[in-house]
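Residue numbers (the working numbering), protein chains in the order written: chain A, 2 to 91; chain B, 709 to 1083.
Fair warning: there could be bad hints in the mix.
Selected chain B positions facing chain A (Cβ under 7 angstroms, derived; list incomplete) [unchecked claim]: (1) 719; (2) 885; (3) 931; (4) 977; (5) 981; (6) 985; (7) 987.
In silico DSSO-like cross-links for lysine-lysine, where the CA-CA straight-line distance does not exceed 27 angstroms [unchecked claim]: (8) 1018(B) / 948(B); (9) 47(A) / 816(B); (10) 1009(B) / 997(B); (11) 912(B) / 856(B); (12) 997(B) / 26(A); (13) 47(A) / 932(B); (14) 1045(B) / 1009(B); (15) 47(A) / 765(B); (16) 1069(B) / 1081(B); (17) 47(A) / 730(B); (18) 848(B) / 26(A); (19) 934(B) / 26(A); (20) 948(B) / 997(B); (21) 816(B) / 934(B); (22) 1020(B) / 26(A); (23) 848(B) / 932(B); (24) 47(A) / 934(B); (25) 903(B) / 926(B).
These are computed hints drawn from the structure, not numbers from a lab. Here the structure is a predicted model, which means the values were calculated and not measured. All C-beta atoms, glycine included, are put in the ideal place defined by N, C-alpha and C.
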Amino acid sequence: MTLNPELTINFSPMHRLQWEEVQQKDVILYPEGMVELNQSSAEILKLCDGSRTLEQLVTALEEKFSTSGLTNDISNFLEDALQNGWIQQP
Amino acid sequence: MAGSNNLKITPPRWLLAELTYKCPLQCPYCSNPLDYSKHSSEISTKDWKRVLTQARKMGAVQLGFSGGEPLTRQDLPELVQHARTHGFYSNLITSGYGLTEEKIIQLKEAGLDHIQVSIQASSQELNDHIAGTESFESKKQVAHLVKKHGYPMVLCVVIHRENIHQMTQILEMAEELGADYLELANTQYYGWAHKNRDLLLPTKEQFEEAEVIAQAYKEKVAGKMKIYYVIPDFHEDRPKACMNGWGTTFLTIAPDGVALPCHSARDLPGLECPNVNDYSIEEIWNESKTFNFFRGNEWMKEPCRSCDEKEKDFGGCRCQAYMLTGDMYKTDPVCIKSPDHHVIQEALDSARTSAFSNDEKPLIFRNSKNSKKYS
């Protein structure tokens, strides 16, 4: 299972992404479990709303953080996210 | 008691709401206390809402609605809705018995996130025998409906000597039912399971064979179904890190409102477990004698006290230490460093003798009659 660059990416409906006030962190919630996210992982996942491909996601994040060269980091993280079932492609 | 005063207290993450001890099933390994019939009172809808609000404010985020059978509480959808409004991730831990499609839809609309359905075996005959109730076909139907309505589903099968030979069929059944997760929960020997241990504890050979089958299947279904394998601690040489450490993560509220650091803790002597009708969750978690009792490691005896693994497994399970040695401060006898480790071998030997004998005693099923008789 690898990311298809032609297809959009959406967050899995079997998981929930949520800000936790007490922990001051975004977390992924799923049956009887939780993953705490660092800020950059959370920013990537929040943009997985089914409207962007990998390339469009990289562009959006590079614009948001006024930087460049994020392709490898983002694509590596999303490959892991796909393996973990956090994201999907149609 | 110990519980050092300058210890940093972490907030609860997991709230187990045991809504009721009522259950249509009679599983002989039930984790409810043997004397559950003595604790038949149930706190009100209003009390539960207050508990949920207070625990959520402290940082609890995973919420299990459990029991008994939580579906017997008519206010379940109302409680689910309250939990969703406050940002909990709600898990319904159910036998599936009596769960209609209408209820599944109603709970989804109320904001329920996940349903865990238990099945007792892969065949109707054995399932219905272990459950003590004809329920196999309706459970399978419920599993289909849970997936039909878009919930993630955990299928939970408690493993013991009566069904461990069905491991392959259990795995196939879970895949066929479309489970997202299969929890293969080796029986933990507390409460009713402790009472029936000679009849439930599998032999080492049975465990090893079943584990090989489950591990191989894990690879086969990778990416489709996750398999959680709850270890059989009687066959380990180190104890489990029980509850991730006492009073660090888990908070259980029993049907009568008693707050517990784990669901067996009310069997421990002298803990004076507080009730949510007398104290707030914050007071209970931070200040109560019960929740501070085994926090940190000041309370430990040898060999735990000087052990370099004490931060890893916290000396194992207090309830198991108490149940098997009569002293809740001792090292969990599962640990091979424990001077009491022989009691584990004796339990295994006794179960093996029972397994090969021609006149095994019958299982003691979990019901009110037996609860009154054995408490």
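Hints, one by one, checked against the model:
1. 719: For residue 719(B), the interface hint holds, since the closest Cβ of chain A sits about 6 angstroms away, which is under 7 angstroms.
2. 885: Status violated, d = 15 angstroms.
3. 931: Holds. Min distance 6 angstroms.
4. 977: Nearest chain A Cβ about 31 angstroms off; hint violated.
5. 981: violated, 24 angstroms
6. 985: violated, 25 angstroms
7. 987: Cβ of residue 987(B) sits 20 angstroms from chain A, so the hint is violated.
8. 1018(B) / 948(B): holds, 11 angstroms
9. 47(A) / 816(B): holds, 24 angstroms
10. 1009(B) / 997(B): holds, 19 angstroms
11. 912(B) / 856(B): This hinted pair is violated, its Cα atoms lying about 39 angstroms apart.
12. 997(B) / 26(A): Violated - the C-alpha atoms of residue 26(A) and residue 997(B) are around 31 angstroms apart, more than 27 angstroms.
13. 47(A) / 932(B): holds, 24 angstroms
14. 1045(B) / 1009(B): It holds: about 12 angstroms lies between the C-alpha atoms, which stays within 27 angstroms.
15. 47(A) / 765(B): holds, 24 angstroms
16. 1069(B) / 1081(B): holds, 17 angstroms
17. 47(A) / 730(B): At roughly 42 angstroms apart (the allowed maximum being 27 angstroms), residue 730(B) and residue 47(A) break the hint.
18. 848(B) / 26(A): Distance ~38 angstroms between residue 848(B) and residue 26(A) Cα, so the pair is violated.
19. 934(B) / 26(A): holds, 26 angstroms
20. 948(B) / 997(B): holds, 24 angstroms
21. 816(B) / 934(B): Holds - the C-alpha atoms of residue 934(B) and residue 816(B) are around 23 angstroms apart, at most 27 angstroms.
22. 1020(B) / 26(A): holds, 25 angstroms
23. 848(B) / 932(B): Satisfied, since the Cα-Cα distance of roughly 19 angstroms is no more than 27 angstroms.
24. 47(A) / 934(B): Between residue 47(A) and residue 934(B) the Cα gap is close to 24 angstroms, so the pair holds against 27 angstroms.
25. 903(B) / 926(B): violated, 32 angstroms
When held up to the earlier numbered hints, the structure conflicts with 2, 4, 5, 6, 7, 11, 12, 17, 18 and 25 and fits the remainder.
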